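Engineer: Following the hints, position chains G, W and D against chain E.
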Amino acid sequence: MLGFVLRRLGFAVITLFAVLTLVFFVIRILPGDPTLVILGDQASAQSIALLRERMGLDQPVWLQYLQFLGGALRGDWGTSLVSGRPVIQEVLNVLPHTLELTFVALVLGVVLGLPAGIWAAVNRNRIPDYVTRIVSLLGLSAPAFVSGIVLLLVFSIMLRWFPVISGGQGTTLLDRARDLALPAINLALIMAAYVTRVTRSSMLEVLSQDYVRTAMAKGAPARAVVWRHALRNCLIPVVTVVGLYLGILIGNSVLTEIVFNRPGLGKLIVGALNQRDYTMLQGMMVIYTLIVVLVNLLTDLVYGFIDPRVQYK
Amino acid sequence: MSPEPVLLVEDLRVAFGRTEVVKGVSFRLDAGKTLALVGESGSGKSVTALSIMRLLPERARVTGAIRLGETDMLALSGEALRKARGKKAGMIFQEPMTSLNPVLRVGEQVAEALHYHTDLSKSAARAEVLRLFERVRIPDAARRYDEYPHTFSGGMRQRVMIAMALACKPRLLIADEPTTALDVTIQAEILDLLAELQRETGTAVLFITHDMGVVAEIADDVLVMRHGDILEQGPVRKIFSAPAHDYTRDLLAAVPRLGDMAETDRPVRFRPRPAEQIPASPRRDPAPTPDAEPLLSVDGLVTRFKVRGGMLGRHTGNVHAVEGVSFALRRGETLALVGESGCGKSTTGRSILRLVEPEAGAVRFDGQDVLKAEGQALRTIRQRIQMIFQDPYGSLDPRQTVGSAIAEPMHVHKIARGSEMEDRVASLLRRVELDPGSATRFPHEFSGGQRQRICIARALALDPALVIADEAVSALDVSIKAQVTDLLLDLQDDLGLSYLFISHDMAVVERISHRIAVMHLGRIVETGPRSAVIGSPSHPYTQKLLAAVPVADPEKRRARKRDGVAEELRSPIRSVGFKPEDAVYREVGPGHFVMEGA
Amino acid sequence: MTMKRIALGVVSAALLAGTALPALAQTLTVAVPGNDLATLDPHRASATFDKNVINWMFNGLVRTAPGQFQLDTIEPDIAESWETSEDGLVWTFTLRQDVLCHGDYGPLTASDVVYSLNRAASPETSSYSADYAAFETVEALDDHTVQITLSNPIPTVLGLLVPFNGGAIICEAAGTELGDGFGRNPVGTGPFAFVEYQSQQFVRLAANTEYFRGAPEIDEILFRYVASDSSRDLAFQSGEVDIVNGRFEQSWLDRMAGLPDTTVQVLGPYELHQLHLNMTQPPLDDIRVRQAIAHAIDRDQLVAFRGEMLTRPATSVIPSGYLGHEPQTLLEHDVERARELLAEAGYPDGIDLRTVQTTLPAMLTTMEVVQAQLAEAGIRLNFELVDHPTFHEQIRQDLSQVVYYGASRLPVADIFLTQFFDSDSIVQKPTAVTNFSHCDVADAEIEAARTEIDPERQAELWQEAQRKIVEAICAVPMYEMGQPYAWTNRLEFAVPQEGSLNLSPSINETTRLAD
Amino acid sequence: MSEPATTAAPRQRNEFLLVTGNALRFAGRAVTGHPTTLVGTIVFVTIVVLALLAPIIAPYDPVAQSIVNRLQGPSWAHWLGTDYYGRDILSRLLHGARYSLVIGIASISLAVVVGSLIGLVAGYFGGRIDIVIMQAMDVVLAFPALILGIILVAVLGASVTNIIIAIAFTAVPAFARIARAPVMALREREFVQAGRALGFSDLRIMFRHILPNIIPEIIVMASLWMATAVRTEASLAFIGLGIAPPTPTWGGMVREGFENILDSYSVALFPSLAVLVLVLALNLIGDGLRDAIDPKLGSAS
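Just so you know, the protein sequences line up as chains E, G, W and D, in that order.
FYI, UniProt numbering numbers position 99 of the first sequence as 99, with every residue one higher than the one before it.
FYI, UniProt numbering numbers position 70 of the second sequence as 70, with every residue one higher than the one before it.
FYI, UniProt numbering numbers position 116 of the third sequence as 116, with every residue one higher than the one before it.
FYI, UniProt numbering numbers position 196 of the fourth sequence as 196, with every residue one higher than the one before it.
These are computed hints drawn from the structure, not numbers from a lab.
Treat the numbers as computed from the prediction; the structure is a model and nothing was measured.
The C-beta atom is built at its ideal place from N, Cα and C for all residues, glycine as well.
One or more hints might be untrue.
Sample of chain W residues facing chain E (criterion: CB under 8 Å; computed from the structure) [claimed, not checked]:
#1 Tyr128
#2 Gln200
#3 Gln201
#4 Ser238
#5 Gln394
Just chain E, with the same shape it has in the complex (with noise of 0.2 Å):
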């Protein structure tokens, strides 16, 4: 198993390099100059070339890429063009607010998304399962801001039970709990929607296998056909769309951070777009990705943990 997740790393290291080079040359053909951004619209012609050339802008793009290549495998990811900080920095300041978030929003998803799941399946066609498609589409189709928006009026606003501005300054952990309740909330909708919607097509599907005959013909009762036998069976597809749409509940946050007004990586990739900071936005990019391959890799682990039929060779 050791071995598996080395070769994934040493897989992850070749997605990482692919990655790099990619941003590197897709951020510098973004129209758009951050000297501009930190100079103001004030700013002579002079000033700007100064500045170009301190932050070695004005060097041929190869060279700067051979550079940060050479940082990159120091484990120099540079500094902010425009705040000046070390990129790794400003990363790390922003990262437990969102893993935070992503974390309680991904375990708020599963906790409500399992159950529904099985839910709708058990009662195919029944009430049940009618009520939890139309709810778990409500879940897929609003965007995030809009149910942020709706969340803060009703709870904030009319029920006053959540503050506004979410900012994670809580000290003690209720603090810090009520901060984090609304966007986790918000977050945790989409994921819901999807891990209802796989766990109820998954254990339809399982439930029509012949193993699940087996158990039924050996007298289990219903409740252990259900969790017992079919449970970890259809887990396998809904770890992967939990894996899938991690990513893309990272993505989401950026939503619910700006609604929410927390801090994170998606606030901070948007705040680096909109100011061209080159080397800011090479950071995230490699955070992203390792983000992305870490999950995978771990989706991968936790296949071994559900199937005995997955080996890692």
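Structural biologist: Here is chains G, W and D on its own, set in the frame of chain E:
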């Protein structure tokens, strides 16, 4: 008759929507007896079995009466029904590969049955399961208790299923085609095991099968079903000796009997060919020409598949699927390649056509080196060697009309076009005894046998010299199997085709082949004229294989020697550097060779 | 199991990330629609929301009166008094002696002021170095006297010494010690001092109890970045925010005014929004076409759209209230005349114009109305929608025939005229600034006014320049717009708030927050 | 004995008709098979018809501004109220349906074509080609879809075409994965083996035999992903990268609506409802198609 039947079914009717699939079935089954429910696909035999356990989907309407001892199964619901399942009757299914839950430990799955119906403690249940495992002859039971199903072979899984079904000592065991998916030697072992367990416990067995050979081996009474009706029922001897119904007679006629064809070396049709169908002058000489250069010669063919593992997917071993196989096939001759699953017979067939690339050896077809051919040369060879596959459902593109499927190879090889193509498709369909009007229909509108005919027509479209038939009739019902086999023989007569007939079904092989080659673990262990190989098998494996074939005659029920512990199939996987020994053959009769050693 | 451990790790890491500051009684929370700060170095900062904070941390030698932004309100700040030579080239400032730098950086002396002004004049360290090009020398005559010598007369010296852009005074020790890090750890002398910054969340300032005008009443300012308009307003509504920077819309002002205990205020200086027409590209090289555009624009409707309280019709090509501003006669809204002019110019079927347009909502919405107005006259304005940095780059590459731009500058006619209408400033030139129209009709007047010592003659020149530019229709002025703010009535300012150069309310030692 | 000879051309058309007929019959059965699917279909068809008829039935010009009538609630004059520029929301919704449908359909079609081809090639050839292609797809997947969209729109500019390309780009890896799985299963099917045995070229097998067999599955996923496309359009608009005004799109309207929700609920409510209803309808249809296509999920279970 014994006072109280174990199972009494009266006027059982099952309907899905408006379609009735079981139309008033009644029978009884007494303790210690085996009742065989026989029928082809669609006869309603499996539905009958499932309705006893109440395992049919909710929308099935079941009426009549099913009494299991005192229990009226149709009256049960909820908890009472659950308690009856597994306790009053156990069931084993056709597909051992999918009937066990892949994510639960094997032992626990059996122990579960005990958990639901007894008060045994966990450790007591485990002990009981180990005892059951020993009774169904699972070697090394204590270790295997904690393993997962995927580490078990098909035969072993079926033993686990039997242990599970019998765990709560039910008075009835329902076995729904329990050996159909198994190799013939494994089938023999399982049948023996069932018979032995039945003798020990006195369990009544309801045995669902389509195979009259198996019926002859195990049944006390037989019930023949077709289209949901009972056609005939009675003691096994009576059914076999004096079948009352035409259909039963047809079924019996279609069942090949091993050893019946000992007198001749030539293929034997199931039914004689109607005289009017025999062409006045056969196009080619129907008999193989012994002295001419063989049409196909295979020499030292080796095909291995890489096994990867470890870090960075290193190449850690090889599956020696085909290991030094040599044979020759003359024009108009049929060579049967027989063996059990995994022996390499299919890979041999595919290697010849280079659907998989062989590693070594030589294949010559009609004077050309197949393995060196490229481009147009290879295409020409592929035009003259055709292949028919096992699964008539799978080998036709479901989204292509039959006519287009038959025309496509001619189109690709630019043999015909336009109205000429039309005519050829029509004549090919007639050739395989199908209505030319079928051309505009889709595969799913045809039965399995018809589809196999379509596949044959498609193969014939390119006017081949050699047809590789890979288990071409194995998936068909017995009566259809006979018809298609006869068709293949007719085509050979008329067109002078050569067949490489790959099959595990000894009975069909016995009829269709001129010569037989027996494969085991990637090698040919014995080869020779049909009569010699079947009449005096010389290799131990051939002997074992033939001994396992069920004989469709209850009078000839053989006393098998029971060595008890089952044998797992040996693996053909070897480490990278492994050099197989060269096979040495001994000639035991004219053209009859046997491999020396293991 | 691994999953669990990772989970715990995540949670505990997140918990550690939280900061443990004791809650203060008098915290003033300000919310602005920004995403994050760029820099708090006043010599670098160009973003509005960066300047907003800088406003409360720095002093200049002089300042505009609290709550005011007009240069005629200039009063002493760090300097107690100043003298000017006859020719206006030598300025001598006497500094207060009680000014302390934030933190442990000690008292502010003349050398700090020299350092700071030189820093502002260096292109290496300042975005506003061009403004200080005429500063020949800055010398410390003694610890508390600074002398500035100019190479030539400039329109306003004091305007460059208010705490705005380069005029904000930085303590030397802090500037040299922190270097590039100064932007994230600013050290000034003002009523509030920088405490901490959390990315994308807030900047926290604490009262400078040593402030030379006395300790502020408010203990702390929390300056929050809340990008989502709705969330920001809701947070104000729920009492989580005391001052909110709003949307450039009348509806926002109306809604906020409707909330209980809320003051709504539009702060100056007003930005002038106009359409710059590229006079070198057909069909805009034809003055009749430009006149048609000017006739097609309905200033009153734009004002009605943006809001009467927030905006007022433009009167010239420079914002009103600027030193040298003179109202001009602008072409009236007259769709018929516009169509006639187009027909005369040979475009009876109308024209198609290409404009690179930013997706920034406040600008895009205006342009949607402009688009509809021009369409009435048969002028089809086709948007090339791009994000804001791309917009800024592309309008400087002459890719947009019509450039919509809103700006406010130091309120002196010269700066506005130079940057937008002097031919040296034409985009793509080495000396380029923001002359998008390629306007060169008033070069002589702008040039002459810049060094003219006689204020009356200077005013005449500026007026002449405005007249020529309006006549040539280098740009079509539309409206002037202020900064919309709402704050709770618990907030009490000692003086009325009309505006500030840094575009945020003047929160200082006199500002109070009632309980 | 001899069949009446027909020419080849009609036969081929015949087959085309047969295949199409089969597909239509299948779709018909799927649609009428379940009340929910039927509802979804009716709603979807209604939206399409309304969109087609928009120029005729819309009460107002969707881009005509009326500053004095801004942000009004529903009234007899404006059934769904007016927006920020005083434009009639109903008219904009009707016209916007055209753009949203075009964006949804075009972007997903593009993603389906490109993604399926990639998945087809990767799945059919397997081995190294598969590894390389799927790694590349992972790389694209590694970019959060929204961010990718932002970058693409920033590079290309925000026009209908470019938004379509951006949304398609973000969905390509998903469709590559969706297509690859059944291709890998089909590759092992005997009719593919049979095709190779008959000497068919790889291209012929891929396009003539495998592709038609994965199309139903892909169409199902496409109908579900259309919902994602509409949502992505709205999300891009929220970030500020919508389609150039004054073009009405539902995503853009939702975004505008939520910017002004505190001023007028109707600007946010109605466009959101419209998006919701469309997505709901598409999903109901997709679910119905999927249930009909998958025999395991079908009535036999």
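Engineer: Can we keep the Gln201/W interface hint, with Cβ of chain E closer than 8 Å?
Structural biologist: 5 Å, holds
Engineer: Do the numbers back the hint for Gln200/W, that is, is its least Cβ distance to chain E under 8 Å?
Structural biologist: Where the cut-off is 8 Å and the nearest Cβ of chain E is about 4 Å from Gln200/W, the hint holds.
Engineer: Let me know if the C-beta of Tyr128/W comes in closer than 8 Å to any C-beta of chain E, holds or violated.
Structural biologist: 7 Å, holds
Engineer: Do the numbers back the hint for Gln394/W, that is, is its least Cβ distance to chain E under 8 Å?
Structural biologist: Since the shortest Cβ distance to chain E is 6 Å, the answer is holds.
Engineer: For the restraint on Ser238/W, tell me whether the closest CB of chain E is nearer than 8 Å.
Structural biologist: 5 Å, holds
In this structure, none of the earlier numbered hints is contradicted; all agree with it.
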